[in-house]
Amino acid sequence: MTRNISKLTILTAIITMAFNICRADEPMVVTTWNIEHLGSPGRGFGGGFGGFGRYSQPLRRDELPRRTPEQLKNIAKFIHTNLKSDIIALQEVAITHQRRHRSLNKPLDQITAELNILQEGANWSYFLPYTNVVPEEEDERNMFVGFLWNQKRVRLVKVFEMSMVDQVLAGKELFARKPMIGYFEEVREDGSPGIDFVLVNIHLASGQEHDENHLIAMTLIEFGIAMDLAKHAVSEPSVIILGDFNENPEREDEEGKALTSPAMAEHMKFKGYINLTLPTMEFTRMNNKLNSLIDHVMVNRSAQALLLEPKAEVYKPGGGLLGNKEMFAPWRQTYSDHFPLSFKIKSGHDNDSDFFE
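For the sequence shown, the residue numbers in mature numbering (1 follows the signal peptide of the UniProt record, and there is no 0) are -24 to -1, 1 to 333.
Only true hints are included.
List of simulated lysine-lysine pairs, DSBU-like, C-alpha gap at most 30 Å:
(1) Lys245 with Lys233
(2) Lys148 with Lys233
(3) Lys53 with Lys128
(4) Lys82 with Lys53
(5) Lys247 with Lys134
(6) Lys60 with Lys287
(7) Lys148 with Lys247
(8) Lys154 with Lys49
(9) Lys134 with Lys207
(10) Lys154 with Lys82
(11) Lys60 with Lys82
Label pairs and their in silico Cβ distance ranges:
(12) Asn58 with Gly147: 34 to 40 Å
(13) Ala152 with Asp1: 40 to 46 Å
(14) Gln309 with Ser211: 42 to 48 Å
I should point out that these hints are in silico values taken from the structure, not numbers from a laboratory. Glycine included, C-beta positions come from ideal geometry on N, C-alpha and C.
Please take these sequences and the hints and turn them into a complete structure.
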């Protein structure tokens, strides 16, 4: 009897140890998602599947309404069940109000509240940039980038907009939506700090034909990251630039001629970045031709060592790399015209030098 109890005790200890190791080693899931006018008018603009205007499928004349409370709950369920994200770099989020100088978004308030209900022990929060004035409720240009994250899994150490000067170059504003830097640190199972890394959330000028504008903007962003980090007393070599680049390096005409300059993609390769968005995905946005591969994740040399795999996964309704286009228009009514991209970062202990070391 005593021997059986001893065996049971040892077995229980082994199972508990294995469970704790497994939990501690869970990778972090990082997602980028253009959520299409969350809290501002203009949903469905640009046509495509589920959009409005002459190029919409099916044909629709009026814009999509703001999301209902039930739709916002479904977005939270989608994040919880399908994406399983720990951090989401969001684009096209409106600032609907402020409290104690903090910029807020009413739909995102509802999404975070629902996530905290769905996930036991979770503590979801979000950050949007400060503005001197809350934009008008009917302003379609009320679109910013921001971060949504689960504080149980990661800690946001520093967050700030990049110190970019907006100007018109190559036909468009460079930084109508300023890039945002988030310096994140893993929270391990025992509460200790783990791997840390920098995410740079960007939303470049609309229009895939503005590839020269995108090249200038990306060159300035990549060049300015180290300086902006130093201004905020951050020394972190692992950098990931992600978001809506509005540029498809694979775009070609019917004869196979390139429609987009490869300059930006080649420049980032030269700087040591790899792109986790794969050509086999074909599209990350549901335009009519389903050839809009414009959401990207670029990872520098240092951050590549943190990746579980050197590729991102795209979610499309219907599954697989291409999804089921019959499901796209209904899906857009609740979610977005963009499909989220996710990748995984390993759990581990930080071995970088601190800014003051």
